[in-house]
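J.: If you want the building blocks of each chain, they are given just below.
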Amino acid sequence: MSPLVKPNAVFVNIPYDERFRRLYLAYIVGLTHLGLEPRATLGISGTERRLDRILALIQSCRYSIHDLSRVQLDRTPPCTPRFNMPFELGLTVTWAKLNPAQHSWFVFEARPRRVQKSLSDLDGSDPNIHDGTVEGVMREICNAFVRSRAARPAVPEMMRTYRGLSSKLNEIIAAAGARSVFEARIFDDLCFAAKAAISHT
Amino acid sequence: MGRSVYITTPIPTLDEVGKSLKMSKARQQRLIEIVTSSAPVRFSVRRRDASGSIDGRARNRNGNAKLSTLRIGPKSSMLSKKSKHVAAG
Chain A
41 MSPLVKPNAV FVNIPYDERF RRLYLAYIVG LTHLGLEPRA TLGISGTERR
91 LDRILALIQS CRYSIHDLSR VQLDRTPPCT PRFNMPFELG LTVTWAKLNP
141 AQHSWFVFEA RPRRVQKSLS DLDGSDPNIH DGTVEGVMRE ICNAFVRSRA
191 ARPAVPEMMR TYRGLSSKLN EIIAAAGARS VFEARIFDDL CFAAKAAISH
241 T
Chain B
147 MGRSVYITTP IPTLDEVGKS LKMSKARQQR LIEIVTSSAP VRFSVRRRDA
197 SGSIDGRARN RNGNAKLSTL RIGPKSSMLS KKSKHVAAG
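Protein chains in written order, with the numbering used here: chain A, 41 to 241; chain B, 147 to 235.
Hints are supplied without guarantee of correctness; some may be wrong.
To be verified - Taking lysine-lysine and the DSS-like style, the derived pairs with C-alpha atoms no more than 30 angstroms apart in a straight line are:
(1) A:K157 <-> B:K165
(2) B:K171 <-> A:K208
(3) B:K165 <-> A:K46
(4) A:K208 <-> B:K165
(5) A:K137 <-> B:K171
(6) A:K157 <-> A:K137
(7) A:K46 <-> B:K168
(8) A:K46 <-> A:K137
To be verified - Computed footprint of chain A on chain B, listed as stretches where at least three residues anywhere in the stretch have a Cβ under 8 angstroms from a Cβ of chain A:
(9) 149 to 163
(10) 170 to 184
Simulated from the structure, these hints should not be mistaken for laboratory data.
Backbone N, C-alpha and C fix where the C-beta goes; we use that ideal spot for every residue, glycine too.
With the sequences and hints as input, model every part of the structure.
T.: Written out as structure tokens, the structure reads:
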């Protein structure tokens, strides 16, 4: 039985490493600004097999973003590329093909035309190119998810929230007693803090 | 793959987001305090007439190092050209 689909939930399929920290925060802030709820495999808990939990998470989200910009080899030995993002995209595409009314997915990339080489099976699909910048992520999120004019945030407004939250990041990590932003607890804290920052302004 | 989707779902309130994340009220409150508190502003003031000047020496109104604080001798090489001029004068 498939889990209940949350109409606001967005599965964010991104690399979890320090070099991606800024864009990770940008996705959280951008999606929260649009009234969407970011979800990530960081938040997965339970005792089931990890793959089953990832699939359940994808199925519970109405939308997904798959950032395929990390195509470089991972520096940590043994040096390998990360296959998690394209693998989870594959799971998502299958789910969306079988249930087109329940899921919409987007591919984000940093460079134009690179995905045509790194994942040529996606030929005919237009990825959203964010140029590897925070502003680019905000812009492409706004291009992918469109709200009515009255509820549509502007990119500069989103950038202000991003900068505000970014300046509090270390404090949020310290308050949680965490060591990295890529921990389940911090992910939840950042989602809530982003919403609080938006509500406060 | 969707090029763009039109979102019509209502924007959740802060309370609803907290509930959705299954966060305790205390944790929510702590995060709100962090986000809404103004960060301590750290900046340094460089006053020409104070010891906290660029080269760490007290200066007179003209911006020259005060004679009383000038180091004479081997360390005079550390002084700026202007200061050296004053020292020589």
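J.: Confirm or reject each hint.
T.: Cross-check of the supplied hints:
1. A:K157 <-> B:K165: Between K157 of chain A and K165 of chain B the Cα gap is close to 42 angstroms, so the pair fails against 30 angstroms, i.e. violated.
2. B:K171 <-> A:K208: 20 angstroms, holds
3. B:K165 <-> A:K46: Measuring from Cα to Cα gives roughly 14 angstroms; hence the hint holds.
4. A:K208 <-> B:K165: 22 angstroms, holds
5. A:K137 <-> B:K171: 40 angstroms, violated
6. A:K157 <-> A:K137: Status holds; Cα separation ~23 angstroms.
7. A:K46 <-> B:K168: 15 angstroms, holds
8. A:K46 <-> A:K137: 18 angstroms, holds
9. 149 to 163: holds (count 13)
10. 170 to 184: holds (count 8)
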